[in-house]
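Participant: One letter stands for each residue in the lines below.
Protein chains: 2
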Amino acid sequence: MNKDFMQHAKFKRNIVQPDQAQQLIMPYVKLLETEHVALTEARGRFLAEPVLAPHPYPHFRRSGMDGYALRSEDTKGAATDKPVTLEVIDEIPAGSLPGVPLRPGTAARIMTGAKVPDEADAVVMLEMTEKLEQEGQTLFTLKREIEAGTNLTPIGRELQAQDLLLEAGRMISAGETSVLATFGYHQVLVRRRPRVAICSTGSELLRVEEPLQDGRIRNSNTYTLACQVQDAGGEPYILDSIADDLELAKQRVMKALEEYDIVITSGGVSVGDYDIMADLVQEGSVTMLFNKVAMRPGSVTTAAVYGDKLLFALSGNPGACFVGFELFARPAIRGMLGASDPYLPRLEAVLGEDYTKINNFTRFVRGSLEYKEGRVYVHPAKLDESGVMITIKDSDVLIVVPPTSTGFTAGQQVTAILLPKGI
Amino acid sequence: MNKDFMQHAKFKRNIVQPDQAQQLIMPYVKLLETEHVALTEARGRFLAEPVLAPHPYPHFRRSGMDGYALRSEDTKGAATDKPVTLEVIDEIPAGSLPGVPLRPGTAARIMTGAKVPDEADAVVMLEMTEKLEQEGQTLFTLKREIEAGTNLTPIGRELQAQDLLLEAGRMISAGETSVLATFGYHQVLVRRRPRVAICSTGSELLRVEEPLQDGRIRNSNTYTLACQVQDAGGEPYILDSIADDLELAKQRVMKALEEYDIVITSGGVSVGDYDIMADLVQEGSVTMLFNKVAMRPGSVTTAAVYGDKLLFALSGNPGACFVGFELFARPAIRGMLGASDPYLPRLEAVLGEDYTKINNFTRFVRGSLEYKEGRVYVHPAKLDESGVMITIKDSDVLIVVPPTSTGFTAGQQVTAILLPKGI
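Heads up: the sequence lines are chains A and B, in that order.
The first sequence: position 13 = 1350 (the working numbering), numbered continuously.
The second sequence: position 88 = 1425 (the working numbering), numbered continuously.
Since the hints were made in silico from the structure, they are not lab data.
Quantities reported herein were computed from a predicted structural model and do not represent experimental measurements.
Check the hints yourself; a few may be wrong.
As the list makes no split between identical chains, a pair holds if one copy fits it or if it spans any two.
To be verified - For lysine-lysine, the following DSBU-like pairs were computed, each having C-alpha atoms within a straight-line distance of at most 35 Å: (1) Lys1646 with Lys1413; (2) Lys1758 with Lys1709; (3) Lys1629 with Lys1709; (4) Lys1419 with Lys1694; (5) Lys1730 with Lys1592; (6) Lys1709 with Lys1719; (7) Lys1629 with Lys1758; (8) Lys1480 with Lys1758; (9) Lys1646 with Lys1629; (10) Lys1694 with Lys1480; (11) Lys1719 with Lys1480; (12) Lys1719 with Lys1694; (13) Lys1646 with Lys1758; (14) Lys1730 with Lys1629; (15) Lys1480 with Lys1646; (16) Lys1629 with Lys1468.
So here's chain A without its partners, still in its complex pose (with noise of 0.2 Å):
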């Protein structure tokens, strides 16, 4: 290992913002290949085409009420001391069609649903009718005028044929599913999920079913970017953790970004004594996007191309390790998704407490949300600092805290990003 030029390189980071750093990986994010999958497998999957309805909807005009489909002009001049008498000469159950054409003075009985017969402008509702008999022939009395168009769905009132129903980049959840369900799409072309390998670096690292040990710590890193990449729509494959030997770790970071889209490492890019990231770019095995961002936690984060393929190599502090996922590799693995806004969505907060760290860097503080009155309040978590652990779990957003040299006063207005949640 060539310790002059690590200690030569570590110190000749370029440093770049937040922002710019998310700039310089896109235009190395490639759209995936597209596949179909069932509807009842499309949840969490992102749309590959634009959606069309092949039909208006609804295309039949339907009735919206359990009861009698009538020509309104029948019921002109009708009240309570003078009610109109109409004959029921056909009965529509949902899924059928009308039986004989309405001719003046008669009326289908009709369920929710079922198609209103053309001569029928309206349906009355079933509760506002005294049914009778009398004759063989089945009546009903009706005591107020009942005006054209009631309860009745007119064909196209949502939707007409060749309406856009969802753009390509949508993700699938359960209206969306309603909607391709409702036109028949059983199946659905999507992109495939990105194949996203997890890596941890790092000698100090046991293994999670491994007993404590002094001066050594687990490896949780791999499992909570696991669950990133999850949330993300990618597929994490787990890698063993390497041992901070050099020519092994590079040796397995380019097996696994020949074998998958994306590589995560996290730990081992500190300014330390070792870095593989730094050789890869110093043999040209890789190419480097950043190695530095002005940000914490996370400053010695990196991003770096090979071929179609993405490298991050995040920080091993756990705070570190899960900002830089979510600001730098979430949005790599949804624009391989195809997903229309790849980035994680931003809100205007009131900052619920006074944030008083001054720092010459944005900093991404984790926090809450609280709603109150109409007002949404976010609240930096007690301990933030890029070693810790514990407060991950708690956070609903990153609080984007720009540079600032006096602190930020309970009251004033913040950025925040919502980190994702659900299953």
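Following the hints, put chain B in place on chain A, whose structure we already have.
Facilitator: Relative to chain A, chain B alone:
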């Protein structure tokens, strides 16, 4: 079929308020059995027991920097014009233990995350020192005093042994995974997922892959419900949809209640000529909890109990079916999982536009969220009748509109229920 009974029963529904309906269900929600899952499979599962810290964290005095571990008293009086020189007698990579005790005037080269020697009480970062080689000795100079505790994370900084790490009933996401891995929980005790049978009723229903037919619609509710069940943490099982044959429907529902934890039907519960539920209740096969809720959409939502199984008969209208699931079935699923809060989160938001529809029932209006300058606004969907499907996909919230004879104006405060998002 006893039409007279049906006609009778359907007008004799006992109406309950939505929150009463939720409370009527909860006593019948049983906690499901526990099972161990590997940490890598635990995402989205619910902890069945509280998790305690088996040891403090960190469990050794950890260096927060690459630099030198030293005795702060040795740096007393150090200044630019009066540098202190210390001898480096040890090198401690992360994961290794100190090799020799530090005597006064000596220090140890140390990496981020490594164990600080017992005799040292601070770490100075490498960049603040100047290295010298002199007569076979490695030395460094330092031009300022270092306070005790600098860059040194004490034992138990984040957690003490026996501290509560995670409460029972908590869902496992990235942050929880980080905690579990850190403390060696490679197997996690969770509750098994509820098995939820989903079944649409109605002879108007086409399978999703069938060509369109006049007067008939495709079965979209089962697919939407399957997504919603997964969002809630359950395992959906889509059963064949059943036509409006009362006997067949009853048999199918009872068989499903034997085999699954929860059965959800959609359609067939409207005030019409066909009503499975009323018949099952009348026969004593199931015990009714409620069969009408003072809400829109979905007033004809039914819940019933069969032993320790739950049956939900939701409206066949897509909008009403969606809302009915989120209000009633989701809390039952989350309750069976032992979730600490089975209900969707609520927030107070500002109504973004006038809402003029009047109603004597509480209305759950699909809406979108907007954050602006520290305030949170909700915008009601343009189309929100119970039969409307297309606006489900764009909804972030259900706006809770209480009974009103005047409507509500933009700027008023309203309660909104946050809908599940994410994968």
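Participant: At most 35 Å between CA atoms: does that hold for Lys1480 and Lys1758 within a copy, between copies, both, or neither?
Facilitator: So Lys1480 and Lys1758 fail the 35 Å test inside a copy (54 Å) and across (48 Å) alike.
Participant: From the Cα coordinates, with 35 Å as the cut-off, is the pair Lys1694 and Lys1480 best called within, between, both, or neither?
Facilitator: between (74 Å within a copy, 25 Å between copies)
Participant: Check Lys1758 against Lys1709 for me: Cα-Cα at most 35 Å, and say if that holds within a copy, between copies, both or neither.
Facilitator: both (20 Å within a copy, 21 Å between copies)
Participant: Treating 35 Å as the Cα threshold, decide for Lys1629 and Lys1758: within, between, both or neither.
Facilitator: Answer is both: 28 Å inside a copy and 33 Å across each meet the 35 Å cutoff.
Participant: How would you label the pair Lys1719, Lys1480 (within, between, both, or neither) given a Cα cut-off of 35 Å?
Facilitator: For Lys1719 and Lys1480, the Cα distance is within 35 Å only across copies (32 Å; inside one copy 69 Å).
Participant: Regarding Lys1646 and Lys1413, is the shortest C-alpha distance of 35 Å or less found within a copy, between copies, in both, or in neither?
Facilitator: Neither way: Lys1646 and Lys1413 sit 73 Å apart in one copy and 51 Å across, limit 35 Å.
Participant: If the cutoff is 35 Å on CA atoms, where do Lys1709 and Lys1719 land: within, between, both or neither? Let me know, please.
Facilitator: Cα proximity of Lys1709 and Lys1719: in one copy and across copies (21 Å, 26 Å).
Participant: If the cut is 35 Å between Cα atoms, do Lys1480 and Lys1646 qualify within a copy, between copies, both or neither?
Facilitator: Answer is neither: 73 Å inside a copy and 45 Å across each miss the 35 Å cutoff.
Participant: Measure nothing new, just compare the shortest in-copy and cross-copy C-alpha distances for Lys1730 and Lys1592 to 35 Å and report within, between, both or neither.
Facilitator: Answer is within; shortest intra-copy Cα gap is 33 Å, inter-copy 41 Å.
Participant: With identical chains treated as interchangeable, where does the CA-CA distance between Lys1629 and Lys1709 reach 35 Å or less: within a copy, between copies, both, or neither?
Facilitator: between (38 Å within a copy, 32 Å between copies)
Participant: Since the copies are identical, ignore which copy is meant and state whether Lys1629 and Lys1468 lie within 35 Å (CA to CA) inside a copy, between copies, both or neither.
Facilitator: between (80 Å within a copy, 24 Å between copies)
Participant: At most 35 Å between CA atoms: does that hold for Lys1646 and Lys1629 within a copy, between copies, both, or neither?
Facilitator: Within one copy only: 20 Å inside a chain, 56 Å across chains, cut-off 35 Å.
Violated hints, listed in ascending order, are 1, 8, 15; each of the other numbered hints is respected by the structure.
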